[in-house]
Amino acid sequence: MGQYLPVFALGVLAVVFCALSLAASRLLAPRRATRAKNLPYECGIVPGRSAPERFPVRFFLVAMLFIVFDVEIVFLYPWAVAHGSLGLFGLVAILIFSFAVFESFVYLIGKGALEWGPRGDEQPGGAQRRATSAVVRLGPERGEPGMIAEAAENLSGAPSSAATQESSTSAGRP
Amino acid sequence: MSVFALDPAYIGGFGLSEALILIIKVVGAFGLLLVAVMLMIWFERKLVGDMQNRIGPARAGPWGILQTLADGVKLFFKEDLRPAKSDRLVYRLAPYMSLVPAFLVFSVVPVGGNFTSGDGTVTWFGNSTFLQVADPHVGILLVLALSSAAVYGIMLAGWSSGSKYSLLGSVRASAQMISYEAALGLSLAAVLLQAGSLSTHEIVAAQGGWNWNLWVTGLVPALVFVIAATAELNRPPFDLVEAEQELVGGFHTEYSSIRFALFFLAEFMNVITMSAIIVTLFLGGPDGPVLTERASWIWGVVWFFVKLVALLFMFVWFRATLPRLRYDQLMDVGWKFLIPLSLGWLLLLGALRVGRDRGWNTAAVVVVCVAAGAAAGVLLRLAVRSGRRESGELADAEADAGEAVNVGEPEKGS
Amino acid sequence: MSVFSLLVAQNVVFWVIAALMVFAALRLVTTRNVVHAALYLVGVLGGVAALFLLMGAEFVGITQILIYIGAVIILFLFGIMLTRTRIGDEEKTDHRNRLGAILAGLAVAGVTIYTVIAGFGDAELGADTRTTTAEVSDSIFSQYIIPFEAVSVLLLAALIGAIVVARRE
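Chains as they are written, first to last, in my numbering: chain Z, 1 to 174; chain S, 1001 to 1414; chain P, 2001 to 2169.
One thing to keep in mind: the hints can contain errors.
With a Cα cut of at most 20 Å, we get these calculated EDC-like pairs of lysine to aspartate or glutamate [to be verified]: (1) Lys37/Z - Glu1293/S; (2) Lys1085/S - Glu103/Z; (3) Lys1336/S - Glu103/Z; (4) Lys37/Z - Glu1079/S.
Keep in mind the hints are simulated off the structure, nothing from the lab.
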């Protein structure tokens, strides 16, 4: 028996639950948003640096490898379910398939795509590594005065006196 | 009314009794999950409190059991903020995408029934039915599909917030979740090999009479599954996603009020549903001694919840005991240990079964398999070594790309 | 419940899903926000999965969710998030040659529709057309064994390609 109607019904119920909670919060919660409140979180100070523009390519390689293993899983499941009737033939077929996938996996590891730690060819914290990594990490998020000015502007629009005070100090900084 | 006939379960007609069963099951599961989440949050806080020699929540209700409810009510009255730089549509969509899959996973879990001396069904209003909301043919595949859909909530919440902590948290979380999902899926295949079916009640039925997959499949798949599940749930020691010391709150840093509560709910609901899945797959589901002949399905419910609470205790214990992993350790454990191990173990089990059917010498099969596994292990080890050397080049390539971006963008100000 | 009304119900649900899919597909190409486009693509692919389920192909339907929504679109989103983290509309998502795009789209649609009609004609699905996982397995490991093994080589090639691109970048 395949049953998807109850799954669908439970999903609808879950969506309704979310929607009702959000509606209730809209009715009950105060709405006094100021521009200062709507700034991204930065431990109470004016946000200075935005998020890095680029992330390491390894994340992308992990997602790629995940697709490969997902496809392998999808082929493994039918084999696992029917392995009795498939017998030796099925086992050999799945072994060849797994070998090919394992091979590409080993190749990827061998090329260092899954290395997240310090580089193996140097001492951790070596001079060269620090130079290059500093370029990567700090480069795109080097202080952007435009954003600070914008944030300060936002703050000066805020009514609270504390915020105004803070904005005057931050405006005086650059 | 004819729309209901689309569902193969109702081909015989969708009468009053079917409708009643459907409503009871769906509403029952919904209520059960909400109450269970409420109790789970209290249980975790109280237990961690005990383990750290504190009292824990003690004010609201007896033993502080209503603490979660009080917190929930409080959150309704908190201001709901949306950061100025956020993406409105996606920011609002993300809590739904997180909570809905959490609810749906539970629908394929059989929570009771007598699988030991009966076929696991109960008779309601003249219809015999399993004690699970839905019984798709490919139940376990549905669980896997839903848990991969759960990545969306976290990924989109982090991206749409327009805050660097959220973004870093969500990129980390998504990479972690997809890495461990592969291990989850591979370790699960050993169970399918044993049960010969993707349907959850057949997996449970195959484990009847103490033939639990925990030992029948040889412990390794169960251990891999539990580790991968902990990582998939972003629970300690794999909670780098919301490592408070470095990322504030991770992907939900910018969420406040009830939107935050929905994420929190989804997180704990996932713990409960994942524990229920572990019980179903490896601990025999509702299997256990049936002590009375009348209403024997009740014992299934009892044993199911006993096992569930034991697993929940284990997850809380992890949190109170284990220190957080580093990101490179996390990735290494997932990719270089769990995934090859579970794949190798699955092939070993498959070879053993084929060998048994064809009457091969079991010892010889084991020797050949272990030799092949050792060869694969050596290959992997060599690859890891060469990877450590080669990783420098990849980093250099990234550094070049980073510089290219900087050169391309005109300097602002200064 | 007669087979006739069952087919009517299937048709109704089919048209609802199809309408949602067409809407999502149109928004997919017209939206200027890349992440929104990826989410509309999730809608289209979810519709495909629903259609598979409607036709009783449970394994294929859930696999569609697992592979396409759970892995491929995640890869897209990773690609988007890792390269441009700024939120908002983009200028370069539009293309001047709209007429050419529309013509190409119509041509693809025409070829697909022609293939489907030529292949299946007016054949009808019965009342209970579910395919079990064992049947899927049997056809993978007999009729389609060569494509199945070829997939593994394809995956190998894809991974090597990915690492080459990543290192040269």
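Against the structure, the hints come out as follows:
{"no.": "1", "hint": "Lys37/Z - Glu1293/S", "verdict": "63 Å, violated"}
{"no.": "2", "hint": "Lys1085/S - Glu103/Z", "verdict": "44 Å, violated"}
{"no.": "3", "hint": "Lys1336/S - Glu103/Z", "verdict": "13 Å, holds"}
{"no.": "4", "hint": "Lys37/Z - Glu1079/S", "verdict": "10 Å, holds"}
Hint compliance for this structure: hints 1, 2 are not met, and every other hint is.
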